[in-house]
Amino acid sequence: MPSLVKDRRRLNRPVLVGAVLAAWVLIWIPTRGLDTLGLSPADLTPLHHWLNDVNDTVGANRNSSPFFLYFVNEIRAAVDSFVTFLQDLIAQPSYGRPVPVLGWLGVVAVVAYLSWAFAGWKPAVLAAAGFVFFGLQGLWEESMDTLALTLGAVVISLLIGIPLGIWAGLSDRFHRLVTPVLDFMQTMPTFVYLAPLTLLFLIGPASATIATLIYAMPPAIRLTAHGIRSVPRSAVEATESLGATGWQKLTGVLLPLSKRTIVLGVNQTIMAALSMVTIAALIDAPGLGKTVIKALQTLDVGTAFNAGLAIVVMAVVLDRVTTAAGDRARRTGRPSRFRRPLLAVFAVAAGVCCYLSYTYFWAAEFPDDVSIGSDLSKGADAVARWAQEDLSTATEALKNAVTYALLNPLEALLVQSPWWLVGAVAVLLAVLLGGVRAAITTAVCVALLIGAGLWQDSMTTLAMTIVATVMVMLLGVLFGVWMGRNRLADRIVRPVLDAGQTMPAFVYLVPFLALFSATRFTAIVAAVVFAAPVAIKIVADGVRAIPAATAEAATAAGSSAWQMITKVQLPMARSSLTLAANQGLIYVLSMVVVGGLVGAGALGYDVVAGFSQGQLYGKGLAAGAAIVVLGIMLDRIARASSPSKGSNHP
Amino acid sequence: MTTETVISVRDLWKVFGHKAELVPRSDELKALSRRELIERTGCTAAVREVSFDVAPGEVFVVMGLSGSGKSTLVRCLTRLVEPTAGQVVFEGEDILGAGKRRLRELRRHKFSMVFQNFGLLPYRQVIDNVAYGLEIRGATKTQRLRRAREVIELVGLEGYEHSFPDQLSGGMQQRVGLARALAVDPDVLYFDEPFSALDPLIRRDMQNEVIRLHREVGKTMVFITHDLSEALRLGDRILIMRDGRQVQCGTGDELVGAPADDYVRDFVRDVPRASVLTLRWVMREPRPDDVLDGPELGPDVIVRDAVRTVLAADRPVKVVRDGTLLGVVTAEEILTVVTDVEAAA
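Keeping their order, the protein sequence lines are chains A and B. If you're matching positions, the first sequence starts at 1 in UniProt numbering and goes up one per residue. If you're matching positions, the second sequence starts at 1 in UniProt numbering and goes up one per residue.
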């Protein structure tokens with residue numbers, strides 16, 4: 001009876017996992033508080049001191065070591081001059097003038113013109129309106145700083161990323177080499193790129209741009225390679241058979257036919273860059289991010305809301321314009337015969353606007369007297385106050401329920417257990433869920449966390465991550481199943497989720513700061529909202545992908561809706577559920593860390609503090625590494641436990 | 001066949017896999033079947049020891065089922081796939097020895113190819129697709145547009161110059177592919193299953209188109225197909241492949257009349273024999289009691305065309321070439337073929 005044996009083995013796994021967890025709790029009761037490896041916020045381990053020393057040594061040798069003189073400093077200088085040039089152009093007073101070269105009128109005109117030329121009428125109107133809105137908010141200069149940094153990083157990312165992508169598209173060997181690196185880079189939270197870079201490039205716009213371009217380059221490489229690889233074989237062969245040179249093949253077939261995918265890569269690069277530029281405010285990048293962070297740190301909801309709104313508007317404008325440009329790249333067809341003359345006419349008009357904004361003060365500096373920024377701030381403040389005062393019963397109840405029922409017990413279990421107990425449990429779970437290889441990875445990760453000297457902070461962060469992931473999965477299953485079963489729901493909800501995914505991570509903190517003030521719970525809710533879209537979409541796609549015949553057969557057998565969901569749709573979408581959990585986990589982790597800004601403490605706080613206080617630098621660096629290790633550990637366990645495709649169909 | 005040949009292929013091998021070049025060199029490995037070779041070495045032999053000649057102006061068809069290696073073979077002839085071993089002599093030059101630059105020259109001027117999936121560039125109008133080969137070899141814009149218009153007219157696409165490929169039907173798209181191949185005025189046209197993706201009716205149209213073009217421009221053509229009736233319609237000679245090896249090479253009536261083995265016999269079983277076989281294949285030795293003053297016919301007359309004469313005659317019809325009596329045909333032989341009773345080989 002082979003099938004029975006198989007069933008028993010299957011049943012065993014959850015039972016064993018449950019047994020391990022139960023044993024953990026039992027051992028926890030007597031050993032609570034032993035060997036917890038606690039470290040107070042100001043305490044340092046020898047490793048942290050050593051890292052501080054490294055930082056000091058690097059600082060001392062910055063202008064003498066050849067590695068810095070001829071390599072690092074050169075890069076920094078080149079990037080810096082490029083970004084400064086962009087800032088001079090649109091953001092900062094420059095060349096002895098009280099205003100930038102291009103004033104608001106010029107920038108709006110150029111943006112509208114480019115949006116129209118590449119994307120069409122509607123995106124152009126949206127872009128112009130969005131940019132005028134920055135001025136009205138009283139955030140023109142900050143917005144332009146953010147835009148200049150984003151553009152700088154995007155331009156460099158594309159200059160490096162697209163050729164690398166072409167290379168990866170043409171060469172199998174390079175593709176195999178680069179794919180795991182890109183996978184790894186994309187699972188990293190935005191945060192962890194910052195710390196090591198400051199070691200090399202100091203803080204400021206240059207290192208912010210470098211961090212941004214490293215973060216934003218992978219989608220450009222990946223999608224360019226993907227586009228080139230998916231050009232139909234027949235078109236390539238036809239070109240080769242006509243005797244095309246390699247260059248003719250590239251420019252005549254490969255690039256034109258992958259244009260749409262490459263534009264999609266440009267879109268993702270821009271969105272990633274914007275997201276990172278705002279967070280790079282932590283290492284002193286100018287712009288909207290800085291305004292938000294300052295406001296978050298002083299719990300000034302109104303100002304944070306105003307600047308956060310500007311970030312959202314910029315994200316929407318950049319996303320819509322590049323998406324529309326991508327849609328246009330797909331269309332074949334002759335342009336209308338008015339296009340050429342219109343291009344010229346509008347170019348002249350934009351040129352005139354640029355000249356006006358260069359020459360006249362009214363067109364250069366956005367007028368103050370029409371500002372609605374302070375009204376927006378005050379409005380947001382009022383709403384926040386109302387929410388905190390009048391909604392407090394509801395929000396407090398929710399907050400307390402999650403905190404006392406889920407977060408505190410879990411945190412107590414993780415944080416107060418001896419390190420060896422947690423480590424043993426983690427390795428055992430990895431063995432049960434993933435096998436020996438996952439267990440080895442986990443053991444190494446546990447050792448590294450201890451080595452980083454941040455065991456307790458890591459456990460606190462882990463507790464928050466687990467709670468948030470559980471909530472993400474609840475939402476994912478709830479909405480995912482709903483959307484998977486109901487086309488109308490899918491059509492309505494999906495655009496909202498898509499829009500949510502384009503937002504830079506930390507604008508999510510603002511509204512929840514208003515609702516829940518600065519606590520761990522705020523970070524958790526922000527993380528849940530940040531991570532839920534991706535989980536929901538994956539679950540919905542999984543449910544939808546179930547063959548219609550299977551669902552029909554179940555209906556014909558007389559299943560109720562509930563039976564259908566629990567007996568057919570969820571079991572069959574199991575691999576999607578694991579994937580959703582895995583992705584959700586990574587998203588949550590990156591947001592929980594950002595939550596260090598609003599009182600979530602732990603690793604995120606260590607990183608932030610490391611940027612601002614010299615003596616905590618080493619600890620911040622170690623905390624960044626600990627986040628990476630935590631991410632790898634969770635990712636490996638989740639990935640290893642996901643069922644292979646075959647085991648779905650017994 | 002002492003006349004000059006355009007393409008001469010000798011012992012051509014294409015093996016895919018690790019250390020593939022060792023396979024054709026080893027007599028032991030060469031003798032293995034495909035499956036045995038995969039088990040022994042992990043290599044797949046797509047083309048094995050193929051040799052043939054193509055004469056100028058000839059339509060040479062390579063036929064086989066999918067996986068028989070025919071598409072790989074035609075790609076080896078143009079080195080879109082790099083052959084593992086052997087010789088491909090094109091107009092006296094072994095193109096396997098040609099350098100990159102020389103190969104490009106050959107592709108630009110000497111041969112061009114029509115593909116199963118058309119391989120058109122979707123973002124270019126028909127006329128620019130047709131002119132693409134000329135553009136690649138550096139023709140000026142006026143030159144290439146003039147030439148493109150000529151061939152567009154030749155394949156019957158006037159009026160569609162400025163359409164985009166996705167606005168055309170499959171048959172018309174393949175006309176564009178055909179025009180693109182013709183535009184560079186090559187000596188040889190290679191067709192890789194060009195009509196397999198088309199509906200049967202359109203396929204017939206396009207076959208007629210190829211026959212017409214062949215009459216008008218007289219190009220040498222190498223045509224790959226899996227469809228026997230297409231092969232018989234178009235081909236002056238047909239090469240049948242199976243598992244990478246050539247099984248038989250000959251004219252249509254040779255294949256039907258004298259299949260080399262059971263595989264070919266199986267293949268040609270459903271062919272209407274009367275419209276393929278010639279009298280050569282059905283005639284018999286004159287017997288002493290035959291009256292030999294009946295009408296005369298040549299040995300290359302197709303059975304179908306001889307039916308009326310033979311049935312009308314009250315005595316055996318003589319099959320004669322240059323005054324020599326080769327054999328006789330009576331109603332019995334003709335009816336055997338026409339009623340499709342398989343001739344005992």
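Be aware that a few hints might be false.
What the hints assert, rightly or not - When the alpha-carbon atoms are kept at most 30 Å apart in a straight line, the in silico DSS-like pairs for lysine-lysine are as follows: (1) A:Lys122 to A:Lys249; (2) B:Lys141 to A:Lys259; (3) B:Lys141 to B:Lys100; (4) B:Lys19 to B:Lys141; (5) B:Lys141 to B:Lys110; (6) B:Lys318 to A:Lys249; (7) A:Lys294 to A:Lys378; (8) A:Lys249 to B:Lys19; (9) A:Lys259 to B:Lys318; (10) B:Lys318 to A:Lys290; (11) A:Lys290 to A:Lys378; (12) A:Lys249 to A:Lys259; (13) B:Lys30 to A:Lys249; (14) B:Lys19 to B:Lys30; (15) B:Lys110 to B:Lys100.
Claimed, not checked - Computed, partial: chain A to chain B, Cβ under 10 Å: (16) Asp35; (17) Leu37; (18) Asp43; (19) Met188; (20) Pro196; (21) Ser230; (22) Pro232; (23) Arg233; (24) Ala235; (25) Thr239; (26) Pro256; (27) Lys259; (28) Thr403.
No lab work stands behind these hints: they were computed from the structure. Since the structure is predicted, the reported quantities are computational estimates derived from the model, not experimental observations. Glycine included, every Cβ here is placed at the ideal spot set by N, Cα and C.
Hold the hint about threonine 403 (chain A) up to the distance rule: shortest CB distance to chain B must be less than 10 Å. 57 Å, violated
Does lysine 259 (chain A) meet its interface restraint, that is, does its C-beta lie within less than 10 Å of any C-beta in chain B? For lysine 259 (chain A), the interface hint holds, since the closest Cβ of chain B sits about 8 Å away, which is under 10 Å.
Between the alpha carbons of lysine 19 (chain B) and lysine 141 (chain B), is the straight-line distance 30 Å or under? 46 Å, violated
For a C-alpha distance cap of 30 Å, please report whether lysine 249 (chain A) and lysine 19 (chain B) respect it. Given pair lysine 249 (chain A), lysine 19 (chain B) holds - Cα atoms ~29 Å apart, limit 30 Å.
Holds or violated: aspartate 43 (chain A) as interface residue toward chain B, Cβ cutoff 10 Å? The hint is violated - aspartate 43 (chain A) has no Cβ within 10 Å of chain B, the shortest such distance being about 58 Å.
Satisfaction of hint between lysine 378 (chain A) and lysine 290 (chain A), Cα-Cα up to 30 Å: Holds, at about 20 Å.
Could you grab the alpha-carbon distance between lysine 259 (chain A) and lysine 318 (chain B) and see if it respects the 30 Å cut-off? Not satisfied, since the Cα-Cα distance of roughly 70 Å exceeds 30 Å.
Would you check the hint for lysine 294 (chain A) and lysine 378 (chain A), treating anything up to 30 Å between C-alpha atoms as holding? Holds, because 17 Å separates the two Cα atoms, which is no more than 30 Å.
Quick check on proline 256 (chain A) please, does its C-beta sit within 10 Å of some C-beta on chain B? Hint holds; proline 256 (chain A) Cβ to chain B Cβ min 5 Å, cut 10 Å.
Take the C-alpha atoms of lysine 249 (chain A) and lysine 259 (chain A), compute the straight-line distance between them, and say whether it is at most 30 Å. 14 Å, holds
Compare the distance between the alpha carbons of lysine 19 (chain B) and lysine 30 (chain B) with 30 Å, and conclude whether the hinted pair is satisfied. Status holds; Cα separation ~14 Å.
Less than 10 Å between beta-carbons is the criterion; does methionine 188 (chain A) satisfy it with respect to chain B? 36 Å, violated
The earlier numbered hints that this structure contradicts are 1, 4, 6, 9, 10, 13, 16, 17, 18, 19, 20, 21 and 28.
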